[in-house]
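> Taking the hints into account, I'd like the entire structure generated from these sequences.
The opening position of the sequence shown corresponds to residue 1 in full-length UniProt numbering, with each subsequent residue numbered one higher.
Note that these hints are calculated values from the structure, not bench results. This one's a predicted model, so the numbers in the text were calculated from it and none came from an experiment. For glycine and all other residues, C-beta sits at the position ideal for the given N, C-alpha and C. Be a bit skeptical, because a hint or two may be false.
[Stated by the list, open to error] Here are the simulated EDC-like pairs of lysine to aspartate or glutamate, each with C-alpha atoms no more than 20 angstroms apart in a straight line:
| # | residue 1 | residue 2 |
| --- | --- | --- |
| 1 | Lys181 | Asp234 |
| 2 | Lys55 | Asp103 |
| 3 | Lys230 | Asp209 |
| 4 | Lys29 | Glu228 |
| 5 | Lys175 | Glu208 |
| 6 | Lys55 | Asp75 |
| 7 | Lys98 | Glu69 |
| 8 | Lys165 | Glu192 |
| 9 | Lys241 | Glu179 |
| 10 | Lys54 | Glu69 |
| 11 | Lys156 | Glu192 |
| 12 | Lys55 | Glu107 |
| 13 | Lys55 | Glu69 |
| 14 | Lys218 | Glu228 |
| 15 | Lys181 | Glu192 |
| 16 | Lys102 | Glu64 |
| 17 | Lys32 | Glu107 |
| 18 | Lys102 | Asp59 |
| 19 | Lys181 | Glu144 |
| 20 | Lys156 | Asp125 |
| 21 | Lys28 | Glu228 |
| 22 | Lys32 | Glu240 |
| 23 | Lys29 | Glu220 |
| 24 | Lys175 | Glu228 |
| 25 | Lys10 | Asp125 |
| 26 | Lys241 | Glu176 |
[As the list claims (entries may be wrong)] For each label pair, taking beta carbons as the anchor points, the in silico distance ranges come out as:
| # | residue 1 | residue 2 | range |
| --- | --- | --- | --- |
| 27 | Leu245 | Arg178 | 13 to 23 angstroms |
| 28 | Thr66 | Thr146 | 36 to 46 angstroms |
| 29 | Pro95 | Asp75 | 32 to 42 angstroms |
| 30 | Leu51 | Gly30 | 17 to 27 angstroms |
| 31 | Glu240 | Glu179 | 12 to 22 angstroms |
| 32 | Leu195 | Glu69 | 40 to 50 angstroms |
| 33 | Gly196 | Gln219 | 36 to 46 angstroms |
| 34 | Ser96 | Glu228 | 43 to 53 angstroms |
| 35 | Gly199 | Ala124 | 22 to 32 angstroms |
| 36 | Pro95 | Gly199 | 24 to 34 angstroms |
| 37 | Leu195 | Pro95 | 27 to 37 angstroms |
| 38 | Gln219 | Glu192 | 35 to 45 angstroms |
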Amino acid sequence: MRIIAVSSGKGGVGKTNVVSNLALALVKKGYKVLIFDADLGLANVDVLLGLSPKKDIRDVLSGEATLQEITIWTDYGFGVIPASSGVVELTRLDPSEKLMLKDQFEEVTQGIDFLFFDLSAGIADNVLFFNLVAQERIVITTPEPTAMADAYALIKVLFRRYQVKRFYFLVNMLKEVREGKAVYQQVSRVVERFLGPIGLTFLGGLREDPCVTQAVRKQEPFLTVCPEAKVSQDLMAVCEKLLKLKPEIQGGLEALWSETFRVA
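Right, here's the structure in full:
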């Protein structure tokens, strides 16, 4: 199983949309995919996909349900573990809550090929924790200078505090494809100058497309609403690139989770 954390320094960069459509792209290629909405206090994935969970992560942490019981298997073929909405207490899990999730993740991820942690923006405790639990990390930005600066800030914290040295970099909401590589090169130069030996791999870019807004309003993935659109083509290219990459950190979820407790 590949365990991938998807983060952004700044909100509003389309992170959850990318995760949902990437999950669908992988399902189309025959993989079994699970998304954990790890923005635990501000649920997004269920809203984006028009899901109506009867229970969510709050019920798991209170002992009233298990991760297996709250997981929703969508019509698109991938599973979603829903978060709660407007619950401040969930924005920072305590050690006992993290251990509870660890024990249950082993069961719910049986047979899964890809597990995505869809994280909140910024550098809060949960964001850093799930980045450490993951084998691979995707950082998403847009060409907006503040989004780029915040993406760099996230990378800097993970590197300086926890010595995380490998990231995939994805640029969303591009006016043209070549702009994505330019953004990547700009951030990469800053990383190299101030942080040194970090592996920042360009995963690709997604162009702006009115189809995305249309899909959000329909609460469906844009891959289903407009499979031939330029943004869908870009997303499939990102999927192909991801499949060619291999995680540098090996080991099952239990081992990674235990190691995270040691260094966090």
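> Next, verify each hint and record whether it holds.
Structure-based check of all given hints:
1. Lys181 / Asp234: holds (13 angstroms)
2. Lys55 / Asp103: holds (19 angstroms)
3. Lys230 / Asp209: holds (7 angstroms)
4. Lys29 / Glu228: holds (17 angstroms)
5. Lys175 / Glu208: holds (6 angstroms)
6. Lys55 / Asp75: holds (18 angstroms)
7. Lys98 / Glu69: holds (18 angstroms)
8. Lys165 / Glu192: With a Cα-Cα distance of about 12 angstroms, the restraint between Lys165 and Glu192 holds, given a limit of 20 angstroms.
9. Lys241 / Glu179: holds (18 angstroms)
10. Lys54 / Glu69: Holds, at roughly 10 angstroms.
11. Lys156 / Glu192: holds (11 angstroms)
12. Lys55 / Glu107: holds (18 angstroms)
13. Lys55 / Glu69: holds (8 angstroms)
14. Lys218 / Glu228: holds (17 angstroms)
15. Lys181 / Glu192: Within the cut-off at roughly 16 angstroms; holds.
16. Lys102 / Glu64: holds (17 angstroms)
17. Lys32 / Glu107: holds (15 angstroms)
18. Lys102 / Asp59: Answer holds: Lys102 to Asp59 is near 16 angstroms, not above 20 angstroms.
19. Lys181 / Glu144: holds (14 angstroms)
20. Lys156 / Asp125: holds (15 angstroms)
21. Lys28 / Glu228: Given that 20 angstroms is the threshold and the Cα spacing comes to 15 angstroms, the pair holds.
22. Lys32 / Glu240: holds (16 angstroms)
23. Lys29 / Glu220: holds (19 angstroms)
24. Lys175 / Glu228: Cα-Cα ~17 angstroms, so holds.
25. Lys10 / Asp125: Roughly 15 angstroms separates the two Cα atoms, so the pair holds.
26. Lys241 / Glu176: holds (19 angstroms)
27. Leu245 / Arg178: 13 to 23 angstroms: At 22 angstroms between Cβs, range holds.
28. Thr66 / Thr146: 36 to 46 angstroms: holds (40 angstroms)
29. Pro95 / Asp75: 32 to 42 angstroms: holds (37 angstroms)
30. Leu51 / Gly30: 17 to 27 angstroms: holds (23 angstroms)
31. Glu240 / Glu179: 12 to 22 angstroms: holds (20 angstroms)
32. Leu195 / Glu69: 40 to 50 angstroms: Distance hint for Leu195, Glu69 holds at roughly 42 angstroms.
33. Gly196 / Gln219: 36 to 46 angstroms: holds (43 angstroms)
34. Ser96 / Glu228: 43 to 53 angstroms: Hint holds: Cβ distance 49 angstroms, inside 43 to 53 angstroms.
35. Gly199 / Ala124: 22 to 32 angstroms: Cβ of Gly199 to Cβ of Ala124: about 24 angstroms, so the range 22 to 32 angstroms holds.
36. Pro95 / Gly199: 24 to 34 angstroms: Hint holds: Cβ distance 30 angstroms, inside 24 to 34 angstroms.
37. Leu195 / Pro95: 27 to 37 angstroms: Since the Cβ atoms of Leu195 and Pro95 sit about 29 angstroms apart, the hinted range of 27 to 37 angstroms holds.
38. Gln219 / Glu192: 35 to 45 angstroms: Holds - the Cβ-Cβ distance for Gln219 and Glu192, about 41 angstroms, lies within 35 to 45 angstroms.
Figure legend: structure checked against the earlier numbered hints; every hint is met.
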